[in-house]
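A.B. asks: Protein chains in written order, with this note's numbering: chain A, 1 to 118; chain B, 1 to 111.
The set of hints was computed from the structure by calculation and includes no laboratory data.
A quick note: this is a predicted structure, and the numbers were derived from the prediction, not measured.
Among the clues, some could well be false.
[What the hints assert, rightly or not] Which chain B residues face chain A? A few, computed with CB under 10 Å, are given here:
| hint | residue |
| --- | --- |
| 1 | 2 |
| 2 | 4 |
| 3 | 12 |
| 4 | 14 |
| 5 | 15 |
| 6 | 16 |
| 7 | 34 |
| 8 | 38 |
| 9 | 59 |
| 10 | 60 |
| 11 | 88 |
| 12 | 98 |
| 13 | 101 |
| 14 | 107 |
| 15 | 109 |
| 16 | 111 |
Every residue gets a Cβ at the ideal spot worked out from N, C-alpha and C, and that includes glycine.
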Amino acid sequence: GAVVSQHPSWVICKSGTSVKIECRSLDFQATTMFWYRQFPKQSLMLMATSNEGSKATYEQGVEKDKFLINHASLTLSTLTVTSAHPEDSSFYICSARDAGSAPNYGYTFGSGTRLTVV
Amino acid sequence: QKEVEQDPGPLSVPEGAIVSLNCTYSNSAFQYFMWYRQYSRKGPELLMYTYSSGNKEDGRFTAQVDKSSKYISLFIRDSQPSDSATYLCAMNSGGYQKVTFGIGTKLQVIP
Chain A
1 GAVVSQHPSW
11 VICKSGTSVK
21 IECRSLDFQA
31 TTMFWYRQFP
41 KQSLMLMATS
51 NEGSKATYEQ
61 GVEKDKFLIN
71 HASLTLSTLT
81 VTSAHPEDSS
91 FYICSARDAG
101 SAPNYGYTFG
111 SGTRLTVV
Chain B
1 QKEVEQDPGP
11 LSVPEGAIVS
21 LNCTYSNSAF
31 QYFMWYRQYS
41 RKGPELLMYT
51 YSSGNKEDGR
61 FTAQVDKSSK
71 YISLFIRDSQ
81 PSDSATYLCA
91 MNSGGYQKVT
101 FGIGTKLQVI
111 P
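Construct the complete structure from the given sequences, taking the supplied hints into account.
C.D. replies: Written out as structure tokens, the structure reads:
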């Protein structure tokens, strides 16, 4: 089945630094990738939707200059948390859609990245 | 009011029990309904998806959708300790629309 590889699985960084999270679709082409954030005991919250070769669409309240998303190819999307602060500490998860699947059949999630900003 | 309501639990059941997990929603435009299983510190894994109202069965899992009541359910028969996880309901209006998730119900199956 479709696999999305997400790295790193966990990262600790100092306040003010930037962190890059990568998601790769291993055996399919991902025309659309979604980036979610999940705080403890809370639901997955969509941060942004990116389509290959175009600018990401950010959800209301998500700072586009802080959470930089690049979807330069059909198999790779990156999320960069710039000037990270402790309140950015969370579980970040990507989801990719198989371009060859029907709508809603091909949402595959990465394994998530636990970000801790100290 | 949240678009999707789901009891966070935790729900503890003995091994072999039938588990019933539920969500209610408010957006009548939702047509695709999904259930995901998420183990601790892992990404969600798609278990079931259904379109519009009706039932769908896959092994020990049965998904039910009642659009008239805006209520969806996931039943797990003969529950196993390995079923212990958080179960998230999710839904959208179809196509390329964003998916809205419930908060997730934490399930523990006790041997």
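A.B. asks: Now tell me if each hint is right for this structure.
C.D. replies: Quick rundown of the hints versus the structure:
1. 2: Holds: closest Cβ of chain A sits about 8 Å from residue 2 of chain B, inside 10 Å.
2. 4: With a closest approach of 8 Å, the residue 4 of chain B hint holds.
3. 12: Violated. Min distance 17 Å.
4. 14: Status violated, d = 25 Å.
5. 15: violated, 26 Å
6. 16: violated, 28 Å
7. 34: The hint holds - residue 34 of chain B has a Cβ within 10 Å of chain A, the shortest such distance being about 7 Å.
8. 38: Holds. Min distance 9 Å.
9. 59: violated, 16 Å
10. 60: violated, 19 Å
11. 88: holds, 7 Å
12. 98: Holds. Min distance 5 Å.
13. 101: Since the shortest Cβ distance to chain A is 4 Å, the answer is holds.
14. 107: violated, 15 Å
15. 109: Since the shortest Cβ distance to chain A is 20 Å, the answer is violated.
16. 111: violated, 26 Å
This entry does not satisfy hints 3, 4, 5, 6, 9, 10, 14, 15, 16, going by the numbered hints stated previously.
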